[in-house]
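Participant: Given next are the chains, with one letter for each unit.
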Amino acid sequence: MTEKTLRLDPGIADPDGFYNALVDCYRDLDERQVGLLNARLILLLANQIGDQALLGEALQRAREGI
Amino acid sequence: MGSYINPVYPYRRPPELDRASTMRHPVVIVGAGPVGLTAALDLALRGQQVIVLDEDNTVSVGSRAICWAQRTLEIWDRLGVAQRMLDKGVLWDTGKLYVGERLIYQFQMQSQAHQRFPAFINLQQYYVEQYLVERCADFPAIDLRWKNKLVGIEQDGDEVRLKIETPDGVYGLAAQYVIAADGVRSPVRSMMGLSFDGQVFNDRFLIADVRMTAEFPSERWFWFDPPFHRGQSVLLHRQADEVFRIDFQLGPNADPDVEKQLDRVTPRLKAMLGERQFDYEWVSVYSFSCRCMESFNHGRVFFAGDAAHVVSPFGARGGNSGVQDADNLVWKLDLVLRNQAPSALLETYSQERVPAAREHIHHSTRSTDFITPRNDASRVLRDAVLSLAADYPFARALINSGRLSQASRYEATPLATADERAWSGGAAPGAPAPDGPLGNRWLFDGAGERFRLLAFEAKVAGEPGLETIAIGKDDDHTGVLWQRYDAQPGTVYLLRPDRHVAARWRRYDAQAVRTALRRAMAA
Ligand SMILES: Cc1cc2nc3c(=O)[nH]c(=O)nc-3n(C[C@H](O)[C@H](O)[C@H](O)COP(=O)(O)OP(=O)(O)OC[C@H]3O[C@@H](n4cnc5c(N)ncnc54)[C@H](O)[C@@H]3O)c2cc1C
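In the order they appear, the protein sequences are chains D and L. So for the first sequence, this note's numbering puts the first residue at 1; every next one is plus one. So for the second sequence, this note's numbering puts the first residue at 1; every next one is plus one.
The following block holds chain L by itself, in its conformation from the complex (with noise of 0.2 Å):
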């Protein structure tokens, strides 16, 4: 149906079926998804040998996951590839917000002044599970495996014993860690008798992408009761190569079989579309859920993506959370591997990781609340909002089509330093660390996989392991960078490997530095 024709990965024969590996592996990752493939990288960036499992041996069928955030952005030009997304990809900061036929207001996601990436990209997901691929073929200590379906998993204390089924048979591995990016199914988590609870759902939605070419600006467009589609809500979405997402809500009672046959889509396309022609990219019925689990670490096995958490889809928090467990979790199993900070680091994954989840289905269950509402009385709240908004502002804000995701911060995190003082603004400790214009560069262009001081117009001493970056006045003409960082002269920042700050001081204390670095290593 559609025009993008899914690569096929070779199969290739694993050694272990004709020799019994004795070899622990430091590294396996379950499931070449978005998450999968950034922990893959990230590893492999860190120097680590990383082995990576995927039944199947294609990217993902259908476009899913279709708007990237900045902060994964970040993490992708970290890993290489974010220019490649960001070159194909639609750029959009603009929503539009339709009650009837009437535009009711719309949002900037923010000022495109000083930002090196845009708020969000679209671009579909079997792309960006390509490039990621693409990008692994860079790394020779990047072992992906495709027909290669694990079956079994059991540990104790010392390693990973998997079970791994290909098309030549079954063999075994033995790793030091497994990270498990299996998906919403994950047979991991099943395989372990771990629980996946949270909320159902029963809506359902009708996913139609269409190629057109149509005259529409690169916004998101979302519609409460639109004329072509009584009752309901509409979204309307571009991405790459002239398809655009059309997403229908369909309402409690729809059977998704039914509504998914071109002959039941096609009207509803036509009653919004006029006689515009369109050609099928990808057509899906989905309800969904909001799940997670209890803690992402159990033993030696670390949960990540949907795997570990779900959510609905407004809000575009799935794939962008999943990449950022990615982030928390590589540098802190480095660092592990490499005896350099002791494994009670690991335990921060979950601690940081499982409130982020949560928060991401806090912000998707209220969307989900407006968007559908549970019963008669909200439903004529909901309304009665919508009926408000066409006219006063005050309305407006409590409309609810989806907050866009952005970036966690671990308020309660162990590894950062609580301030000393007030700060008026900038970055606490567990928040991310902004980047911004650096001379004719960027704050964090080049920047290694390392904890990093900055330094405004502050004089520090190296410390091993630390790389320090001077940001004079001079260095920062837009003045942008002081500001996002509420820096004055003296002011350092101590960032973790993941761009989140682990510590910050108006003056510089070489003592303080340390035992804040000790303290974000879980030392």
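Isolated chain D, as found in the complex (with noise of 0.2 Å):
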């Protein structure tokens, strides 16, 4: 067994379709808004991901392009 790690390579079925929808669900939110919906967005998926060994590194990845 190989250890999980993060996907990097193209995962999402319609790229262009979710960077849309994104951009779409942030409309008429003021800024506090929005952090509250990046927030809400996070948990969501990392709750999706579950393994810790995985949200360590894109705790890690997303926070190395910084």
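Hints are computed from structural coordinates only; laboratory data are not their basis. Beta carbons: idealized from backbone N, C-alpha and C, even for Gly. Any given hint might turn out to be false.
Residues of chain D placed beyond 10 Å of chain L at every Cβ, according to the derived structure [claimed, not checked]:
1) D14
2) Y19
3) A39
Facing chain L, according to a computed beta carbon distance under 10 Å, are these residues of chain D, among others [what the hints assert, rightly or not]:
4) L36
5) L37
6) L41
7) A53
8) L54
9) L55
Derived CB-CB ranges, DEER-like [to be verified]:
10) G56/D <-> V8/L: 37 to 47 Å
11) T5/D <-> R185/L: 29 to 39 Å
12) A62/D <-> R366/L: 14 to 24 Å
13) E154/L <-> G65/D: 54 to 64 Å
14) P217/L <-> G56/D: 17 to 27 Å
15) K270/L <-> D16/D: 49 to 59 Å
Two chains, each in its own frame: build the complex with the hints.
Facilitator: And the structure:
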């Protein structure tokens, strides 16, 4: 068994569609609301992933890029 | 203000003021709080003479600690005072969590089934101390000295010399060992020039303990952002005598002197309680820090309780972990004083209790970060958790309003003997040994203060200094005890005097038991 690592190849079936949906999601929200939405989204997706190692890797990669 | 009248304990002129003593006392305890008193009782029960010094002449002023954990009750039961606490205290095991006006979820601390003691009782700290003081009176070996303030301390390889101030003047005492249970400001710690590092939190909290007849059940209620105290958290908890603890988060900018004025507190309470009548029991504004000494052992001086470590109140960890410090230290001191174990055993006090304290700090810091987010980013994240928790179960697990304390496991302790093979549960070496029903009583009923062997349908030979408790399948009609110990016929556990597991085996082997017993005494 190989250890699970974060998927970095294209994994979203309809990239343009998803991106568009995300942008749409922010419509008419002020800055505070956008922050809250982002946080809710992170938590929902994180729960879906569940795996602590994968989540840790995602946190690290997200932070490295800044 | 309160309904509780603090007892005033008599000061007695110490004999050393009239006749300088050349005696070296085995143990002197500084501080008659819950921790010092627990240590004194445990020492006396083991047949040791002990002097306890306290600068004051009464118990805790104000309720202070209210939640006492199962492990603490087990320890006090061994000392013969748990029943009084149980009779007076409020039993609870349900917590409810509200966000805004909405009940988000409720949790059960543990199933009550087959538990001798509840997960928690709530009892004001003054009652706890009063019962401990009254229990001390049963032991002539305890010399409890009120209005005796420690003002000087020095030590060499042989003894500790103490300077004590009384209303009649100053005297000296020499001791083989000193337990510093002198609280968070520990004069012993400062006189010895030892550091106490950690993190200070800025948020202020208002405690209003009020007496009222209310229909609230005996549960822990916690609100984030309630309509009666927007943007902050509130805790409600019942204590004995119809007293309720209400704890309002005030934020970092609150002025403690202003906030504790009753004309300021009353409107906050009215907003929450409506037209209910209430009387004040105790009002206090506090902030807190999390700190821990690097080592609890300094030569012949042992630090315990708040003197050694402090945490935020979220999780009821302060007093409970201090009582476990005493429980950990005293049997070791006793064996060393009797020359039955080498003084190396005392080193394991710090080795075991420093990690336990750090774990408490770790948990309480996480709770604190959730309840009082340190920056905008963590506040947004926290609020996102709260907003999701109303609708989705997964987010409820992320809410941290204080994870309540449990008995520590001494995972890396040198006193434990590692398992030889895989177990599928039970109590691993270093873990607290669980109680459970045995026949029509409990495993730890009337059990002694020594090392013990639990023999699950196992034939074992007697060892000096070791008491055997035979546990047949028929003794355990519930099967609970067998299950808690992952026992099979032949299983044997070696327990330390503080009821932590030293070693366990699937088959009895006298030689292995002897080796593990020596190891558990650092011999
Ligand atoms: C608001 C609040 C809520 C809390 N809630 C809980 C809870 O629910 N559960 C829990 O477990 N813990 C709780 N705690 C923590 C708990 O109160 C403490 O951890 C506990 O009191 C520590 O006991 P101690 O014996 O170490 O020290 P203390 O109780 O502080 O006793 C120290 C003693 O030393 C004496 N002393 C000091 N200096 C000298 C001197 N120079 N000479 C002689 N004597 C001296 C003092 O008079 C005092 O009696 C709470 C604390 C607060 C403030």
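Participant: So, for every hint listed, does it hold in this structure?
Facilitator: Evaluated hints:
Every Cβ of chain L is farther than 10 Å from the Cβ of D14/D; the closest lies at roughly 25 Å, confirming the non-interface assignment. Chain L leaves Y19/D outside its interface by the beta-carbon criterion, the shortest separation being 22 Å against a cut-off of 10 Å. The beta carbon of A39/D is not kept farther than 10 Å from every beta carbon of chain L, the shortest such distance being approximately 3 Å. The interface hint given for L36/D holds, since its Cβ lies 6 Å from the closest Cβ of chain L, which is under the 10 Å cut-off.
At its closest, the beta carbon of L37/D sits 8 Å from a beta carbon of chain L; the interface hint therefore holds under the 10 Å criterion. Look at L41/D: its Cβ gets to within about 9 Å of chain L, closer than 10 Å, so that hint holds up. Nearest Cβ of chain L to the Cβ of A53/D: about 19 Å, over the 10 Å cut. The hint is violated. Nearest Cβ of chain L to the Cβ of L54/D: about 16 Å, over the 10 Å cut. The hint is violated.
Hint on L55/D is violated. Least Cβ distance to chain L is approximately 13 Å, over the 10 Å limit. At about 57 Å, the CB distance of G56/D to V8/L disagrees with the hint of 37 to 47 Å. Taken as a hint, the range 29 to 39 Å is violated for the pair T5/D and R185/L, whose Cβ atoms sit roughly 51 Å apart. Checked against the given bound of 14 to 24 Å, the beta carbons of A62/D and R366/L, roughly 21 Å apart, stay inside it.
A hinted range of 54 to 64 Å for the beta carbons of E154/L and G65/D is consistent with their spacing of about 58 Å. At about 41 Å, the beta-carbon gap between P217/L and G56/D misses the expected band of 17 to 27 Å. The hint said 49 to 59 Å for the Cβ distance between K270/L and D16/D, and at roughly 57 Å that hint holds.
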